[in-house]
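Just so we're aligned, residue 1 is where the sequence shown starts under our numbering, counting upward by one.
Certain hints may be false.
[Said to hold, decoys possible] Cβ pair distances, simulated, as ranges: (1) Trp5 <-> His49: 52 to 58 Å; (2) Thr51 <-> Leu4: 28 to 34 Å; (3) Ser37 <-> Phe82: 39 to 45 Å; (4) Glu9 <-> Pro47: 52 to 58 Å; (5) His52 <-> Gly73: 38 to 44 Å.
No wet-lab data here; the hints were simulated from the structure.
What you are looking at is a predicted structure, and each value in this text was computed from that prediction instead of being measured.
For each residue, glycine too, the CB sits at the ideal point set by N, CA and C.
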Amino acid sequence: MNNLWLALEGAWHVLLAGVILGAGLPAVFALGLRSLSYGTGHDADDPNHRTHLIGKIGAIVCFSLVIGAIGLGIAVIVAHGFGIKLSFERFIPGF
Numbered sequence: 001m002n003n004l005w006l007a008l009e010g011a012w013h014v015l016l017a018g019v020i021l022g023a024g025l026p027a028v029f030a031l032g033l034r035s036l037s038y039g040t041g042h043d044a045d046d047p048n049h050r051t052h053l054i055g056k057i058g059a060i061v062c063f064s065l066v067i068g069a070i071g072l073g074i075a076v077i078v079a080h081g082f083g084i085k086l087s088f089e090r091f092i093p094g095f
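Turn these sequences into a full structure, and let the hints steer you where they fit.
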């Protein structure tokens, strides 16, 4: 029975990582694009449409999160290829 709980616990971790990386990052990217479309209150068809400052800040935050996650994933793959052991003890990856 203990083995079943260990297997379910491992499956839960894999499922959570899949949801975060599989659906979470594209959702954050879409939120960044949506933030860029947030205008200053004028017509959307106006050729001089400008993005609101809050929309720009939100887009920068969202895109930074996505780029950071991609960079972290590449770093983990490259470090594993070189045989370097990564540790996430303090939430920030360390070698």
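Here's how the hints hold up against the structure:
Range check, tryptophan 5 to histidine 49: about 55 Å between beta-carbon atoms, so the 52 to 58 Å window is met. The hinted range of 28 to 34 Å is not satisfied by threonine 51 and leucine 4, whose Cβ atoms lie roughly 52 Å apart. Taking 39 to 45 Å as the suggested C-beta distance range, the pair serine 37 and phenylalanine 82 conforms, at roughly 42 Å. Look at glutamate 9 against proline 47: about 56 Å separates their beta carbons, and that is inside 52 to 58 Å.
For histidine 52 and glycine 73, the hinted distance range of 38 to 44 Å is not satisfied, since their beta carbons lie about 32 Å from each other.
Checked against the numbered hints given earlier, this structure breaks hints 2 and 5; the rest are met.
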